Amino acid sequence: MRRIDLREITQAVKELSIEANTIANCDLRDALTASIEKEVSPVGKAVLGQLIKNQDIAKFTNLPICQDTGFTVVFLEVGMDISFTGGIVQDAVNQGVREGYIEGNLRKSIVKDPLTSPVNTQDNTPAIVHIELVPGDKVKITLMPKGGGSENMSRIKMMKPSDGVDGVREFILKTVKTAGGNPCPPIIVGVGVGGTFDYVAFLAKKSLLRKIGERNRDPEIAAMEEKWLLEVNKLGIGPAGLGGKVTALDLFIEVFPRHIATFPVAVNIQCNAARVKTRII
Amino acid sequence: MGNTEKRVEAPLTEEVIKTLRMGDEVLLSGIIYTARDMAHARLEEMIGNGEELPFDAAGSVIYYVGPSPAPEGRVIGSAGPTTSYRMDPFVPVMFKAGMRGMIGKGPRSEEVKNLIVEKCGVYFGATGGAAALLSESILEAEVIAFDDLGPEALRKLRVCDMPVIVINDCYGGDLYLEGVRKYSSDVQIWQ
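From first to last, the protein sequence lines stand for chains A and B. One rule links them: number in the working numbering = place in the first sequence (from 1) + 23. One rule links them: number in the working numbering = place in the second sequence (from 1) + 5.
In short, the hints are calculated from the structure, not lab data. One thing to keep in mind: the hints can contain errors.
Claimed, not checked - A partial selection of chain A residues facing chain B, derived with a Cβ cut-off under 7 Å:
{"#": "1", "residue": "Ser64"}
{"#": "2", "residue": "Lys76"}
{"#": "3", "residue": "Thr201"}
{"#": "4", "residue": "Gly204"}
{"#": "5", "residue": "Gly217"}
{"#": "6", "residue": "Asn295"}
As the list claims (entries may be wrong) - According to the in silico footprint, chain A covers these stretches of chain B (three or more CB under 8 Å from chain A):
{"#": "7", "segment": "15–27"}
{"#": "8", "segment": "50–60"}
{"#": "9", "segment": "112–125"}
{"#": "10", "segment": "130–136"}
{"#": "11", "segment": "160–169"}
Please read all numbers here as calculations on a predicted model, not as lab measurements. The beta-carbon is built from N, C-alpha and C at its ideal position, and this holds for glycine as well.
Next up, chain B with everything else stripped away, as it sits in the complex (with noise of 0.2 Å):
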C-alpha cells in the first residue's frame, strides 16, 4: 500500500493490467460501461442466446453503479459503487465475453479471484459513499441498453481521472485481505 499513482486508459489491455498490482491508486481515463443486477442478467442471457452484446466488451472495464438522475447541467448525477458481490455469479460469462475490468466495492468470492488471475484481470474499488466526488469524474453518459430498467440501465461512460484503487491484480493479490491482516489487533471474538 501507499504506492504511487498510476495513470491508465479504458478499455484495458493485458500490458496494461500486468503492471498493476495490489494497493496501487489509479486514476482510470477513457471508455467503461455501468451494468448492475439487472443488467448482467440481461447481458448474461444475450450471451446466452448467441447475441450480439449492446457495447464492445474486449478489455472493456464494467463500473458496478446505478447513478442517481441528472440534474440539469450536468452529464449525470451521483455515482459511486455498488456492492460487487451480488455480480459474482456473472463475472465466469463476462469474462468469457471479453471483459478485463472491474470497478466496485466490498469483496469478491474464490471463483472471481482465480478468474482474475487466469484471464488476466482486475479489480478496482471505488469508495463506496464519495458518490458525487467520483461524478465530477465522469465526462459524458449515455444510456446504451436496457432504458427501462431506469438506475440500472447499461451506460457508456467517459471518463477522466477517476480515483480508483487495485483490490484484485492478475497475480492473485487481495488488498482486502492483506489490509485487514495488517491493521486487525488481537480481539477474541469467541471468548
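One chain only, chain A, in its complex shape (with noise of 0.2 Å):
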C-alpha cells in the first residue's frame, strides 16, 4: 500500500489550474497552425494568426489565454494500491482549485446556489471531481477548465434506437450547425454514445481529454470521426464564426453499451481555448 499525503493532490490541482489556463498544449498549438494552411478566408486566416499570437502573449504575460477560465473539471484515476492521509480527496482537489485561481488572478466563474441566491463563490469552487479506481499504485489527475460559452453549445438527445448511425451524424451536424460563432470556433466536437442519460454526457466530455489527431481504437468508430469531422467543416461556419473552412479541429466518439430501448446521444462543444493539463504522482 502507497500512501500519499492529499497535500500532494493539493499542490499538484493548484498548478494544473494555473498552467492549464495559461499554457496552450503543442497539440492545439499545431493543429491552429496548420489550420491557417486549409483555411480559404482571409478573415478566418486572420482569426486563426490572432488566436496563436494570443497564447504567446498569455504565455509570456501568465494571463489566462482566455478570461472564462470555466468550471474546473478534474478527472482522477487513483490506483487501488493507495492510502490517501489527510482528509478528504474531494476537499482536496477544492482546495488546490482555490488557492490556483486565486494565486494564479484567473475568474471566478462559479455562484453558489443557482437557483435562490447566485452569489460568487470567490474561488471558483466547488469543481466537478470524477474519480475512478484503476490498478496500480498512482494517481493521475487530468484537470480541464471548461468555459461556459462552449458549455452552453452543448446537447444531449435521447434517440430511437432506429435512428441509428445517420440519427448520431444528424444531432452532431445540426448541433454544430445551430452553435454557430457562439462556442468560439474553430471548436473541437466531444461525442458520446451510449450509456445512460447522465453517463452519455460523461462520454462526450471525457473525449474530450484527447490529444488532436487521437481517434478512437475502433477502427469503424474512427472512420466516422474522420468523416464527420469533414462534413462539419462543410458547413461553413469558419474561425469565430466569421466563415470558412476551419469550423472544427477535430471530432472525438466515446461509445459505451445501451439499453435496447434506448440511443442516447451527446455532444459537448469545446472552444479553441482547449485547456487540459495532466500529472501523474
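Fit the two chains together into the complex; they arrive one by one in their own frames, and the hints show the way.
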C-alpha cells in the first residue's frame, strides 16, 4: 500500500489550474498553425493568427488564454494500491482549485446557489470531480477548465434505436450548425453514444481529453470521426463564426453499451481555448 | 470581407456609424464600458426606476466581457468577449438610453438586428478566445458600478486600437450570415 498525503494532490491541482489556463498544449498549437493553411477565408486566416498570437501573449505574460477560466473539471484515476492520508480527496482538489485560481489571477465564475441566490463563491469552487479506481499505485490527475460559452452550445438527445448511425450524424451536424459562432470556433466536437442519460454526457466530456488527431481505437468509429469532421467543416461556420473552412479541429467519439430501448447521444463542444493538463503522482 | 482597416473613436456618432460596413476591420480607440448578464439586469432596473445611469450612455459602446483579475502591474486581466445573445433582451432598453455600439461574439436576434438598423447602431465582433491579445489594447480600467458583481461589474475602459470587426451594420448587413453563406458547401444534414 502506497501512502499519499493529500497535500500533494492539492499542490498538483493548484499548479495544473494555473498551467492549464495560461499555457496552451502543443497539439492545440500545432493544429491551429496547420489550420491556417487549410483556411481559405482571409478573415478566417486572420482570426487563426490572432489565436496563435494570443497563446504567445498568455504564455509570456501569465495572463489566462481566455478570460473565462471555466468550471474546473478534474478527472482522477486512482490506483487501488493507494491510501490517502490527511482528509478527503474532494476537499483536497477543491483546495487546489481555490489556491490556483486566487494566486493565478484566474476568473472566479461559479455562483453558489443556481436557483435562489447566485452569489459568487469567490474561489471557483466547487470543482466537478470524477474519480475512477484503476489498478496500480499511481494517481493520474487531469484538469480541464471548461468555459461557459461552449458548454451552453452542447446538447443531449435520447434518440430512438431506429435512428441509428444516421441519427447520430444528423444530431452532431445540427448541434454544430446551431452553435454557429457562439462557442468560439474552431471548436473540438466531443461525442458520447450509449449508456444512460447522465453517462452519455460524461462520455462526451471525457472524449475531449484526447489529444488532437488521436483516433478512437475501434477502426469503424475512427472512420466515422474522420468522415463527420470533414462534414462539420463543410458547414462554412469558420474561425470565430465569420465564415470559412476551419470550423472544427477534431471530432472525438466515445461509446458505451446501451439499453435496448434507448439510444443516448451527447455532443459536448470545446472552444478554441481547449485547456487540458495532466500529471501523474 | 477583406475590407480595409478603419480607425474609429468611441463614443460613436451617427456620422461615424454610417461609414461602417459589415466586414470592416476596425481598430477601436477611446472610452467603452463593460457589462454582461447581471450588470445589464441592474441597468435595466435603474432605467425602469428612472434613476440616473452610472455612465454617460450617449453614443456609448458596451463591451460584453467579464475580465479575469488584473495581475500586479497590469490594469486588467484577460478580456475577451462573452456570447452576446444572452444580452439580446436588454438591447431595446439600452438603445433607448443612448447606447450606439456593442462588442461581443456570436449572432444576435432578429429584434436586435432590426434595432441596429432602426436606431443607427453597430455590432462589432471581437475574437472569442483571444483574451490576452485583446487585454493588450486596454490602457485603463476602472470599476464604476456594481463592484459586488466581481467579474460582472460595470467598468469604464480606455482602449487603443482594439481589433474588432463589423458584424451588423446600420444598413442591415450581417457578416455571420454572409460569411457562412459564402463558405458552406453542400452538406445534407437530413439524409
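So, going through the hints one by one against the coordinates:
no. : hint    : in the structure
1   : Ser64   : holds, 6 Å
2   : Lys76   : holds, 6 Å
3   : Thr201  : violated, 10 Å
4   : Gly204  : holds, 5 Å
5   : Gly217  : violated, 22 Å
6   : Asn295  : holds, 4 Å
7   : 15–27   : violated (count 0)
8   : 50–60   : violated (count 0)
9   : 112–125 : violated (count 1)
10  : 130–136 : holds (count 6)
11  : 160–169 : violated (count 1)
Consistency with the previously given hints fails for numbers 3, 5, 7, 8, 9 and 11, ordered from lowest to highest.
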